[in-house]
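Peer 1: This is what each chain is made of:
Number of protein chains: 2
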Amino acid sequence: MKYYLGIDLGGTNIAAGVVDENYNIVARHSIPTGAHRSFEEIVADMARAAKEVAEKAGLPLSAFTSLGVGSPSCINPKTGLLTFANNMGWRNVPIIEELKKHIDLPVLVYNDADCAALGEALAGAAKGYQNVLMITLGTGVGGGMILDGRIFKGADGAGFEPGHTVIVYDGVMCTCGKKGCLESYGSATGLINQTKVAMQAHPQSLMHEFCGHDLSKVDGRTAFESAKQGDKAAQDVVDQYISYVAVGIGNLSTVLRPEIVIVGGGICNQKECLLDPLNEKLQDYVFGASDIGAPEAVAATLGNDAGIIGAALLEKCME
Amino acid sequence: MKYYLGIDLGGTNIAAGVVDENYNIVARHSIPTGAHRSFEEIVADMARAAKEVAEKAGLPLSAFTSLGVGSPSCINPKTGLLTFANNMGWRNVPIIEELKKHIDLPVLVYNDADCAALGEALAGAAKGYQNVLMITLGTGVGGGMILDGRIFKGADGAGFEPGHTVIVYDGVMCTCGKKGCLESYGSATGLINQTKVAMQAHPQSLMHEFCGHDLSKVDGRTAFESAKQGDKAAQDVVDQYISYVAVGIGNLSTVLRPEIVIVGGGICNQKECLLDPLNEKLQDYVFGASDIGAPEAVAATLGNDAGIIGAALLEKCME
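Read top to bottom, the protein sequences are chains A and B.
Counting from 1, position 165 in the first sequence corresponds to residue 585 in my numbering; the numbering is continuous, with no gaps.
Counting from 1, position 180 in the second sequence corresponds to residue 600 in my numbering; the numbering is continuous, with no gaps.
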């Protein structure tokens with residue numbers, strides 16, 4: 421049996437895992453990221469987590485042929501540096517070089533959303549598909565594209581950033597500095613803003629009750645759950661939100677034409693309340709859907725494991 | 421010397437060419453499409469044009485290893501049929517099969533915008549680049565993407581339709597049935613509409629003089645030329661129009677990350693009046709431009725020849 425070693429680097433935890441060739445996680449080890457610490461300290465702990473999880477799995481480091489890392493941001497192909505990781509305050513850091521000081525393995529670093537897409541494509545919701553678009557509706561909108569079984573990082577290798585495509589010209593200001601990005605409308609953060617606006621316009625809406633009449637308690641479930649109770653204003657928020665998501669996924673599908681779309685992130689817990697109307701709207705927003713069809717959107721199935729599995733299996737998709 | 425045989429099928433003309441291995445067109449032959457005629461008649465004339473141009477070049481058909489065709493629409497990979505060609509009123513026609521009845525060569529059919537992109541990437545504005553996005557600002561907005569030297573037709577092979585990505589949520593109705601497509605805002609048709617709206621709001625604008633006070637004579641040059649004379653309302657139209665184009669190209673670059681962007685179509689005759697502000701705006705609309713850079717937008721150089729050269733060379737990019 422061949423084993424793979426991966427790390428999902430998050431703002432909260434460094435999650436390491438050993439994955440077998442059937443894509444099962446056979447050992448896990450997680451330590452707090454301590455994002456306020458120095459780059460060197462965090463990287464030293466990443467190497468430590470990798471060594472400890474190997475030990476938990478009862479395997480020597482020499483059993484592995486690489487260490488795969490899923491990280492916020494992406495390696496700049498021109499410099500070999502990790503471009504930008506907001507959570508850690510990193511900009512242009514030599515993450516591969518620094519990891520190699522602590523661990524004697526080839527190191528592969530990819531964007532965490534790319535790793536999650538690869539994990540779902542290999543072992544999760546898109547198992548068996550070679551061309552997969554994954555979109556994560558969380559605090560932001562992330563995403564990865566698997567093209568012919570490989571991670572597509574853009575033609576120049578600098579990354580794939582579907583959340584920062586504009587769907588509303590001159591729209592809401594995004595954290596990236598542009599206006600009207602899919603992230604500003606399709607993220608949980610966007611949904612919360614849309615929910616609050618609707619609540620202010622509809623003082624009688626059930627949404628007020630749902631969040632205890634406290635606007636600060638509005639979350640990604642407020643509108644969805646109130647809509648399930650028959651609240652019209654909440655239903656309008658949900659419809660509008662899903663339309664934004666459908667336009668974003670529709671745009672990406674119109675140029676990339678994946679076979680399947682995986683939706684991850686907190687909002688995908690809404691399951692058919694999200695996916696049924698989303699798939700209906702994709703028929704309108706994917707160009708040529710009536711002639712050629714539109715890809716089906718399905719919910720991610722691996723949760724946080726997708727990132728670990730994808731990171732560990734990075735070497736496999738380099739073959 | 422190896423020679424290649426190609427046809428660019430347009431609504432007006434069937435343009436056939438023989439191209440040498442240095443990408444020069446060594447013979448041309450053009451016959452009217454007669455788009456009102458039957459599918460079978462038009463295809464018979466396509467074969468006739470191919471045979472006649474080979475004769476003009478002094479070459480037997482056996483000198484060629486394929487016939488490449490650039491056509492509106494795209495072959496549906498599930499059916500092998502040409503999906504939809506509006507100009508000819510074709511829907512799901514067996515163009516490859518029908519051509520083979522008349523000409524004993526393997527036939528390759530790709531979208532005409534894909535062929536133009538390939539032509540410019542091999543022999544024109546993007547010579548030497550392997551990753552090229554071409555966007556054509558004409559009656560509509562077409563485009564092609566060359567990825568690793570090959571035409572990218574989308575993961576499922578069904579086509580790449582950048583003009584039908586939405587940039588203005590719930591915006592102007594597009595001919596495709598969606599609202600707010602790049603085509604509705606970034607095409608010459610979109611520019612003409614934007615020009616007319618501005619003229620109605622600004623009765624003193626030079627634009628009225630430029631088109632002889634006849635709104636029906638407004639074209640893609642009206643705003644650009646009046647802006648060059650210092651007309652403020654015209655300059656605003658031009659700025660806004662280029663912003664739409666920049667958002668569209670910015671979105672595509674944010675996910676595809678081409679090394680270079682070629683701008684073709686009638687509007688690219690405005691040269692630096694289009695390209696200088698466009699390149700400036702791309703710094704804002706390509707995600708991560710400040711860290712990783714944005715691709716440069718340059719004008720197409722081959723005009724209509726790009727489509728013929730790309731069609732003829734299709735077999736080369738299949739290697």
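Simulated from the structure, these hints should not be mistaken for lab results.
Glycine included, C-beta positions come from ideal geometry on N, C-alpha and C.
Incorrect hints may appear among the rest.
[Unchecked claim] Facing chain A, from chain B, some residues (calculated, C-beta under 7 Å):
#: 1; residue: Gly548
#: 2; residue: Thr585
#: 3; residue: Val588
#: 4; residue: Thr595
#: 5; residue: Glu629
[Claimed, not checked] In silico lysine-lysine, DSSO-like type, Cα no more than 30 Å apart, as pairs:
#: 6; chain 1: A; residue 1: Lys616; chain 2: B; residue 2: Lys547
#: 7; chain 1: A; residue 1: Lys573; chain 2: B; residue 2: Lys616
#: 8; chain 1: B; residue 1: Lys691; chain 2: A; residue 2: Lys599
#: 9; chain 1: B; residue 1: Lys547; chain 2: B; residue 2: Lys736
#: 10; chain 1: A; residue 1: Lys637; chain 2: A; residue 2: Lys648
#: 11; chain 1: A; residue 1: Lys573; chain 2: B; residue 2: Lys422
#: 12; chain 1: B; residue 1: Lys736; chain 2: A; residue 2: Lys599
#: 13; chain 1: A; residue 1: Lys652; chain 2: B; residue 2: Lys599
#: 14; chain 1: A; residue 1: Lys599; chain 2: B; residue 2: Lys498
#: 15; chain 1: B; residue 1: Lys652; chain 2: B; residue 2: Lys691
#: 16; chain 1: B; residue 1: Lys498; chain 2: A; residue 2: Lys547
#: 17; chain 1: A; residue 1: Lys547; chain 2: B; residue 2: Lys573
#: 18; chain 1: B; residue 1: Lys652; chain 2: B; residue 2: Lys616
[What the hints assert, rightly or not] Covered by chain A, according to a simulated footprint, are these stretches of chain B (three or more residues, beta-carbon under 8 Å):
#: 19; stretch: 469-480
#: 20; stretch: 525-535
#: 21; stretch: 649-656
Peer 1: Run every hint past the structure and note whether it holds.
Peer 2: Against the structure, the hints:
Violation of the interface hint for Gly548/B is found here, the shortest Cβ-Cβ separation to chain A being roughly 14 Å, above the 7 Å cut-off. A distance limit of 7 Å between C-beta atoms decides the matter here; for Thr585/B the minimum to chain A is near 4 Å, and the interface restraint holds. For the restraint placing Val588/B at the interface with chain A, the shortest Cβ-Cβ distance is roughly 4 Å, inside the 7 Å limit, so the hint holds. Hint status for Thr595/B: violated, given a least beta-carbon distance of 11 Å to chain A, over 7 Å.
The criterion of a C-beta within 7 Å of any C-beta in chain A is not met by Glu629/B, whose closest approach is roughly 30 Å, and the hint is violated. Using a Cα cut-off of 30 Å, the hinted pair Lys616/A and Lys547/B is violated, with the two alpha carbons roughly 52 Å apart. Among the hinted pairs, Lys573/A with Lys616/B is inconsistent with the structure: their alpha-carbon atoms are about 41 Å apart, more than 30 Å. For the suggested pair Lys691/B and Lys599/A, the alpha carbons sit about 27 Å apart, so the restraint of at most 30 Å is met.
In summary, the hint linking Lys547/B to Lys736/B is supported, as the alpha carbons are separated by about 15 Å, within the 30 Å threshold. Our distance criterion of 30 Å between C-alpha atoms is met by Lys637/A and Lys648/A, whose separation comes to about 19 Å. Taken as a hint, the Lys573/A and Lys422/B pair is broken in the structure, with Cα atoms around 36 Å apart against an allowance of 30 Å. Proposed proximity of Lys736/B and Lys599/A is contradicted: the alpha carbons are some 41 Å apart, above 30 Å.
The suggested pairing of Lys652/A with Lys599/B holds, with an alpha-carbon distance near 25 Å, which does not exceed 30 Å. For the hint pairing Lys599/A with Lys498/B, the CA-to-CA distance comes to about 38 Å; that exceeds 30 Å, so the pair is violated. Proposed proximity of Lys652/B and Lys691/B is supported: the alpha carbons are some 20 Å apart, at most 30 Å. Straight-line distance between C-alpha atoms of Lys498/B and Lys547/A comes to about 21 Å, which keeps the hinted pair within the 30 Å bound.
Taking the CA atoms of Lys547/A and Lys573/B, the gap is near 23 Å; set against the 30 Å cutoff, the hint holds. For the hint linking Lys652/B to Lys616/B, the alpha-carbon distance of about 15 Å falls within 30 Å, and the restraint holds. With 0 residues having a Cβ less than 8 Å from any Cβ of chain A, the stretch 469-480 of chain B misses the three-residue criterion, and the hint is violated. Here the stretch 525-535 of chain B counts 0 residues with a CB under 8 Å from a CB of chain A, which misses the bar of 3, and the coverage is violated.
A stretch counts as covered by a chain when three or more of its residues have a beta carbon under 8 Å from one of that chain; for the stretch 649-656 of chain B and chain A the count is 0, and the coverage is violated.
When each numbered hint is compared with the structure, violations occur for hints 1, 4, 5, 6, 7, 11, 12, 14, 19, 20 and 21.
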